[in-house]
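Enquirer: With the hints as a guide, dock the two chains, each given alone in a separate frame, to form the complex.
Here the protein sequences come in this chain order: A and B.
Numbering (the numbering used here) for the first sequence: 1 to 165.
Numbering (the numbering used here) for the second sequence: 1001 to 1199.
Think of the hints as simulated: they come from the structure by calculation, not from any bench.
Hints may be right or wrong, so weigh each one.
To be verified - Mimicking SDA-like on lysine to any residue, the simulated pairs with C-alpha atoms at most 25 Å apart in a straight line are: (1) A:Lys-9 to B:Val-1033; (2) A:Lys-17 to B:Lys-1019; (3) A:Lys-50 to A:Ser-137; (4) A:Lys-4 to B:Lys-1031; (5) A:Lys-152 to B:Trp-1011; (6) A:Lys-17 to A:Asp-126; (7) A:Lys-154 to A:Glu-141.
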Amino acid sequence: MDQKDILFKQIFDSNSKKIFHLCYGYTGDADSANDLLQETFLKVWQNLDKFRQKSQISTWIYRIAVNTCLTYLRTEKRQAKDELTDKIIENKVEEYSEKNEQVALLYQSIAKLEENDRLIITMVLDELPYNEIADISGISEGNLRVKIHRIKQKLTELYNHHARI
Amino acid sequence: MQEFEDIQSLWQSHSVEVKISSEEMLEQAKKEVNGMRTKSLFNIGGMVISFIAISSLLLFFNFNSWTTSLGIVIIVLTVAVYTILLYREHRLISRNDFTEHPGAFLTKLHEYQLSRYNLYHKLYWFYAAPISFGFILFFFETLHNLSLIVQTAIVLFTILWMAFCATILRRSFMKREKERVDLLIEKFERISAQFKEQE
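One chain only, chain B, in its complex shape (with noise of 0.2 Å):
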């Protein structure tokens, strides 16, 4: 039979070690932001990548139809838009410290989430349409001189690439998005809202 004593000398012999410190501490909560930075970065960089290799094609190969050239134009121009509005969302995140303003920072995050929705529900389509536009173009002259087979593989292909990625890719992509976002946001009130209660 223990008495109250007893289970509090208990509670005090049993000592914790926090392994973490202050530094460490400020560092992890800015992980979770910064891998969403990273992602966003690396986003941009697949666009940037795809800009320049697709640019490249007008650069190094002689194309005899206008219709493949405009076709390029077209997909390279639309890759450049979408990579300039993908790079605003970024700045919404990347400007602020969540530990050093977070009221400014949550503000941002909000920014982000609607415009990142805007992104990829209604823009999405502005951004499909010429890219697919300008493969229809880019396609005459390519595939001209292939057998019947082969290009309709290849059509087949690319119209089931762009479905999957306009359809599944898009919503998963979304939804993960969205999820990790919330948290985030979640958690940033959360933390914040005490204070608030409190001003």
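Chain A with its partners taken away, still in its complex shape (with noise of 0.2 Å):
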């Protein structure tokens, strides 16, 4: 193994859950999520020698990553969000358990969202600092602020809204 394999070894094993996470917040399906995945990293992988280190390379990958997941369906003109959820919920009914619906619902409300808006909030999810999260989708730290009261709020309530249903 070379010294680009390790670092890129090391850089996959920290990062990848996370990002998977993301793109599996914004499909909704483990195999686009895989697809994105595969996407970032090989973006990573080839533009390694690139990266500047003027951000945290954690920071990098997100940008990478919201990008990709930003033009990935509309390339692939994937099926309708809210079908694939749907799909996904069908598919796992064997699966079924109170937390599973829960969680299954919590995705289907994210996927309600604008497409910047779900990656925004998959960040905040995930207890990104704002800084970081500013600094991955190009908004200003005070105009994101307001951006995030306002998609938790949304999100917040299409919860409860599925729940009730």
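Expert: See the structure below:
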């Protein structure tokens, strides 16, 4: 294993789980999330030498993942998110449990948000610091706080609305 | 009624498993390209087998008429030239690793697509014409002693088979090939685009 392989392995091991969760939150299914994870880390692998250490490497990877998520669904012309989520819920009937149902409701609620909002709230749910989210999403920290407040409210409303149905 | 904090703890309690290692991830990325390379190799392999099989006719059989030998030589040479062209194309995609040199690989993939298009459009007729001519010469002697019905059946079958290859089979092969390469190009361009924008 050369130096680049070792470094990449370390980066992959310490970041892949969070990136997969971000992609899962965005797409709502494991297969698409896996594709996005692969594309993200392929970009990381190919551009590792271009990383300038101006920000944390995790921020850089998140930025790549967010861009990958946003372009992926548009170019792949995937099915509407609601349909996807419904299918996943249908397919996983056998794995039914109260917690699984709540998790499915959560993904369904995230799916109702706008694309950018989906990614931002996923990072908030993963407790990324606001300055990092601002850096990744390219929004000023002041504006981001307002936006996050609004998305949190919307998500909570959507979740409670779905839970009542 | 849930608060945002409850939703957040639900999110964090839902653990996701990444079932792939960094090595497997890179391998998986190479798989699609490898699939295309394997198909191209099978294609070349098939042509080499045809070359050997047809050439062996000259070695193991004694033909009385010069037309038969000339027919076989024309077919063998055409197959050889087409195999060399296929090999040249194969080298376009076999020399670069996309995961290492994305820019160079994409350029070669575009070249491959264009070359493939030419090979199965214009050049195909330069392949089909000598093969047909070769068969006509070959059939002069070989069909001579057969009954008229058998002669007609063999000639008809050959014509229909060649027409089928030149139309339905060629078109569907080209369509599938184009779709596969288009998808790869689209994916690789998408992967490369983000960093091109930032450079």
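Enquirer: Which hint numbers doesn't this structure obey?
Expert: The structure conflicts with no hint, since it agrees with every one listed earlier.
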